[in-house]
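Student: Top to bottom, those sequences are chains A and B.
Per the numbering used here, the very first residue in the first sequence carries number 4; after that it's consecutive.
Per the numbering used here, the very first residue in the second sequence carries number 4; after that it's consecutive.
What the hints contain is simulated information worked out from the structure, not anything from laboratory work.
Be aware that one or more of the hints could be misleading.
To be verified - Derived lysine-lysine pairs resembling DSS-like cross-links, with alpha carbons at most 27 Å apart:
| hint | chain 1 | residue 1 | chain 2 | residue 2 |
| --- | --- | --- | --- | --- |
| 1 | A | Lys109 | B | Lys388 |
| 2 | B | Lys388 | B | Lys322 |
| 3 | A | Lys212 | A | Lys6 |
| 4 | A | Lys388 | B | Lys83 |
| 5 | B | Lys82 | B | Lys212 |
| 6 | A | Lys83 | B | Lys82 |
| 7 | A | Lys184 | A | Lys161 |
| 8 | B | Lys126 | A | Lys83 |
| 9 | B | Lys199 | B | Lys82 |
| 10 | B | Lys126 | B | Lys166 |
| 11 | B | Lys199 | A | Lys82 |
| 12 | A | Lys199 | A | Lys171 |
| 13 | B | Lys171 | A | Lys6 |
| 14 | A | Lys184 | A | Lys126 |
| 15 | A | Lys295 | B | Lys388 |
| 16 | A | Lys109 | A | Lys184 |
| 17 | A | Lys6 | A | Lys109 |
| 18 | B | Lys369 | A | Lys295 |
| 19 | B | Lys126 | A | Lys109 |
| 20 | A | Lys295 | A | Lys184 |
| 21 | A | Lys161 | A | Lys171 |
| 22 | A | Lys369 | B | Lys295 |
| 23 | A | Lys295 | B | Lys295 |
| 24 | B | Lys369 | A | Lys82 |
| 25 | B | Lys212 | A | Lys83 |
| 26 | B | Lys148 | B | Lys132 |
| 27 | B | Lys369 | B | Lys388 |
| 28 | A | Lys212 | A | Lys161 |
| 29 | B | Lys171 | B | Lys148 |
| 30 | B | Lys369 | A | Lys132 |
| 31 | B | Lys83 | B | Lys126 |
| 32 | A | Lys82 | B | Lys6 |
| 33 | B | Lys148 | A | Lys109 |
Protein chains: 2
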Amino acid sequence: MVKAEVITIGDEILFGQITDTNTQWIGTELTQIGIRVIRKTSVGDNEADILAALAEAETRADLILITGGLGPTKDDITKKTFCQYFDTELIINEDALALITDFFVKRGREMTDLNRQQAAIPKNAEYVKNSWGTAPGMWIERNGKVFIAMPGVPFEMKNLMSKRLLPKLQAHFETPVIYHKMIKTVGIGESFLAEKIEAWEDALPPHIKLAYLPHFGQVRLRLTATGSNLATLQAEAQAQVEQVLPLIKNNVFGFDTDELETVVGSLLKSQEASVVTAESCTGGYVSHLITKVPGSSAYFLGGVVAYSYEMKMAELGVKQQTLNDFGAVSEQTICEMAEGARLRLGSTYAIATSGIAGPDGGTPDKPVGTVWIGCAGPNGTTARKLMLTNLRETNIQLTATYALDLLRRTILAA
Amino acid sequence: MVKAEVITIGDEILFGQITDTNTQWIGTELTQIGIRVIRKTSVGDNEADILAALAEAETRADLILITGGLGPTKDDITKKTFCQYFDTELIINEDALALITDFFVKRGREMTDLNRQQAAIPKNAEYVKNSWGTAPGMWIERNGKVFIAMPGVPFEMKNLMSKRLLPKLQAHFETPVIYHKMIKTVGIGESFLAEKIEAWEDALPPHIKLAYLPHFGQVRLRLTATGSNLATLQAEAQAQVEQVLPLIKNNVFGFDTDELETVVGSLLKSQEASVVTAESCTGGYVSHLITKVPGSSAYFLGGVVAYSYEMKMAELGVKQQTLNDFGAVSEQTICEMAEGARLRLGSTYAIATSGIAGPDGGTPDKPVGTVWIGCAGPNGTTARKLMLTNLRETNIQLTATYALDLLRRTILAA
C-alpha cells in the first residue's frame with residue numbers, strides 16, 4: 004500500500020492561531036483513493052525544520068505532501084527550502100506567470116515583483132496549474148518518491164487536489180480500487196440511526212466498511228468498498244444500499260454529492276415551482292444556503308429577513324395582534340410569516356424561521372434554543388417546533404437544515 | 004526558550020475521520036506561557052511509529068506532550084509504549100484507582116478489569132490527577148526533559164492541562180513572556196500590504212516577529228513579541244503598531260479579536276444607528292454575518308434578499324426603467340436598492356449587493372465576478388464596483404466582506 008506523509012508549514016498552526024482544516028481533508032481524500040497516511044507533521048516557517056521534516060518523511064513514505072509557505076510574503080519559504088533540499092534553483096515558470104498576469108489584468112490591478120516571483124518554481128519541479136489563486140502547485144519526483152507542494156489557503160488546496168492532484172496520483176501509483184457510496188440522512192441522531200441499522204451493519208462483508216459522518220442535523224453514511232474491480236464493488240454497494248434504505252427511508256434525502264439545498268432545488272425545478280424565505284432567527288442563512296447553489300435564481304425569487312416586529316408586520320403582514328398574543332416565536336406567527344411571504348412575494352412555496360438563537364433572550368417558557376419553522380405551499384401551511392441547543396451558531400445551522408428539510412417534505416407531499 | 008513538541012496518537016486522525024481540535028488548543032496555551040511549539044506530529048495506533056516519534060522529539064524538544072491512546076479499549080497503547088521507551092513497567096497507582104473506583108460507584112456501574120487497568124501507569128511516571136475522566140495524566144522526567152501524556156478526549160485534556168499541567172510547567176521551566184498583537188486589515192492584498200510596510204517590517208527588532216494571515220479579502224498581521232516583562236513587550240508592540248498604522252490606516256478595521264461584523268456592530272450601537280440589507284448576489288450572506296453576532300437585534304432591523312427583478316422593484320422600489328437601461332448589476336441599480344431599502348425599512352444605513360456570482364450569467368462587458376456594492380446613509384449613497392473571481396462561493400464571501408467594510412467606512416465618515 005502506498006504510504007503518504009503530510010507536512011504542514013506555518014508558525015500560525017504551531018502557535019494555534021489558525022485552525023488546520025487542510026490535513027483532515029487531505030487524510031480523508033487520500034484514504035478514499037487507497038493511499039495510507041502514516042504521519043502528519045507540522046513545522047514552523049524556518050528552513051532547518053522544514054529540511055529535517057522532508058528528510059525524515061522521505062525515509063518513510065512514498066508520497067510527501069506539503070501545504071503552506073507558498074504565499075508571496077517573506078514568511079513563506081517552502082520554495083527556497085525545496086531548492087536547497089533538492090540542490091536546485093528557482094526558475095520562472097511561463098505558464099504560472101501567464102496565469103498570475105491574467106489574474107491581475109482581470110482585476111485591473113498592478114502586478115508587483117512579489118507577485119511575479121510567485122511564478123518561480125524549483126527547476127526539477129513539474130508545474131501543477133492552480134486556477135484558484137496565484138501560488139502554483141508543484142510535483143517533484145526523486146528515486147520513485149513523489150513530493151507535492153500546495154498552497155495553504157483551503158479552497159485553493161482543495162481545488163488543486165480534487166481537480167488535478169488526486170487523478171494524477173491515481174495515475175502514478177498502483178492503488179487498490181476503492182468505491183464510495185454515501186447515503187445522506189437528516190432529522191435523526193447518530194445513535195438512533197445506528198440502532199435502526201445495527202443488524203444490517205453487523206452483516207456487512209469485511210471489504211465493505213461503514214462510517215457515520217454527523218453534521219448539524221444530518222448524518223451521512225459512507226460505505227467504502229475495497230477490491231480490484233470497480234463494477235463489482237459498485238454492484239455490491241448498491242445491493243447493500245437497497246437493503247438498508249427501507250429501514251431509514253423517512254430520513255434519507257439523497258446520495259453522494261447531494262445536499263439538502265441542491266435536492267430542494269432540483270425538486271422545485273422539476274415542478275417549475277418557486278420558493279421565498281421569511282427568516283428571523285436564521286438571519287439570512289437559509290437564503291444563503293439556497294443561493295450557494297449555481298442556477299438557484301431559476302427557482303429562488305428572494306426573501307425577507309425580518310428581525311424586528313416592525314419588519315415582520317410591514318414586510319410579511321404578520322398581525323400586531325398575533326405578535327402581542329403569542330409572541331414572535333410561536334406557531335401563529337410562523338404561519339403568518341410563511342403565508343405572508345408566499346402571498347406578497349408571489350411564490351409557490353415559502354419557508355419561515357423564528358426562534359431564540361441565544362445566548363440571551365430566553366424565558367422560562369421559551370428558553371434559548373426554542374425555534375418554530377414553517378412552510379407554506381399550495382396545500383396549506385405546516386409548522387414545526389424545535390428545541391435546540393444554547394449555542395447561537397449551532398441553532399442557526401440546525402434551524403436552516405430542518406427548515407430546508409421541511410420544504411423538501413412539503414414539496415414531495417404535494 | 005523552552006521547545007515543545009506535540010504528538011497525537013490515533014489512526015482516526017490520520018485518516019481524517021475526526022477533527023483534531025486538541026493540538027490547536029495546546030499550541031495556543033503553550034504559546035501563552037512562553038513555551039515554543041516547534042513541531043506537531045500525528046502517528047497511528049502502533050508501537051513502532053509512536054516509539055520513533057518519541058525518539059525524534061526527544062532529540063529536539065525539552066517538552067514532549069502526547070495526547071490519545073489512553074482509553075480503556077484497544078488503544079491503551081500509549082502506556083505500554085512508554086514502558087518500552089523508558090524500559091520500565093506498569094504499576095497500579097492507588098490514587099488513580101481510588102478516583103476510578105469512585106467514578107464507577109457514583110454512577111452505580113460495575114467496574115471491569117479493563118477499567119481497573121486504567122489506574123496503571125509506568126513506574127517512572129508521576130501521576131497527574133484527571134478529575135474529569137478515568138484516564139490518568141502522566142508526567143515523566145528524563146535528562147532534564149519532560150514527557151507528558153494526556154487523554155485525547157478534548158474536555159478531559161483541556162481541564163487536565165489548564166488546572167494541573169500549565170501551572171506545573173510554569174513552575175518547572177524558566178519560561179519567557181510572550182505577547183501577541185493582531186492588526187486586522189481589509190481590502191488590500193497580502194503582497195501589496197507587504198510592499199507598503201516592507202521598510203517597517205525589515206526594521207523590526209529580532210524579538211518581535213511578524214506573520215501575515217490572509218482570509219477572504221482580509222489580511223491579519225500578527226506581531227509576536229518575546230521577552231521577560233509583559234508590560235515592556237506590550238509597550239514595544241504598541242509602539243510598533245503606532246509606527247505602522249499610518250502606512251495602512253485606510254485598511255485597518257480592528258485589532259486582536261475584532262471582526263468586521265462586530266466592529267460594525269459596535270459603531271452602530273455607539274451611534275444608536277440601525278442598518279438593513281438589500282442583497283442580490285450575496286443571497287443573504289451579509290445579513291447572516293451581521294446576525295451571527297449576539298445582540299445584533301439591537302441595530303439590525305432586517306433585510307431583503309431580492310434575487311428577481313420583480314422583488315428588486317416590489318420590495319426595494321428599484322425602477323423598471325433603471326433595470327432595463329442599466330441592468331441589475333450597475334451603479335444605478337445598486338444605489339436604488341440601497342436607498343429603497345433604507346427608506347422603506349426605515350433604518351439609518353442600508354447596504355446593498357448586486358453582481359454576477361457565477362459560474363454562469365457572465366457577459367463580455369459584465370464577466371462573472373463583476374459586482375456592485377452600495378451603502379446608503381444620512382449623508383447620501385456610495386457605490387463601488389468590484390472585479391472578483393470566477394468562483395461563486397468566493398465571490399459571495401468577498402462581496403460580503405467588502406460590503407461590510409463599505410458600511411464601516413460610511414459610518415466612520417458620518
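Student: Given the hint that Lys161 (chain A) pairs with Lys171 (chain A), does the C-alpha gap stay at or below 27 Å?
Tutor: Given that 27 Å is the threshold and the Cα spacing comes to 14 Å, the pair holds.
Student: So if I understand the rule, the pair passes when the alpha-carbon distance is 27 Å or less; does Lys126 (chain B) with Lys166 (chain B) pass?
Tutor: holds (24 Å)
Student: Lys199 (chain A) and Lys171 (chain A): Cα distance at most 27 Å?
Tutor: violated (40 Å)
Student: Between Lys171 (chain B) and Lys148 (chain B), is the straight-line Cα distance small enough, at 27 Å or below?
Tutor: At roughly 14 Å apart (the allowed maximum being 27 Å), Lys148 (chain B) and Lys171 (chain B) satisfy the hint.
Student: Between Lys369 (chain B) and Lys82 (chain A), is the straight-line Cα distance small enough, at 27 Å or below?
Tutor: violated (37 Å)
Student: Is it true that the CA of Lys199 (chain B) sits at most 27 Å from the CA of Lys82 (chain B)?
Tutor: Status violated; Cα separation ~53 Å.
Student: Given the hint that Lys109 (chain A) pairs with Lys184 (chain A), test it: the Cα-Cα distance must not exceed 27 Å.
Tutor: violated (40 Å)
Student: Need the status of pair Lys212 (chain A), Lys6 (chain A): alpha-carbon distance at most 27 Å?
Tutor: Given pair Lys212 (chain A), Lys6 (chain A) holds - Cα atoms ~20 Å apart, limit 27 Å.
Student: Hinted pair, alpha-carbon criterion (27 Å max): Lys126 (chain B), Lys83 (chain A). Please report holds or violated.
Tutor: violated (47 Å)
Student: Quickly compare the C-alpha distance for Lys369 (chain B) and Lys132 (chain A) to 27 Å and report which way the hint goes.
Tutor: holds (26 Å)
Student: Are Lys82 (chain A) and Lys6 (chain B) close enough, with their CA atoms no more than 27 Å apart?
Tutor: holds (26 Å)
Student: Hey, Lys6 (chain A) versus Lys109 (chain A), does the alpha-carbon distance stay inside 27 Å?
Tutor: With a Cα-Cα distance of about 41 Å, the restraint between Lys6 (chain A) and Lys109 (chain A) is violated, given a limit of 27 Å.
Comparing the model with each numbered hint stated earlier shows that hints 4, 5, 6, 8, 9, 12, 13, 14, 16, 17, 19, 24 and 33 do not hold.
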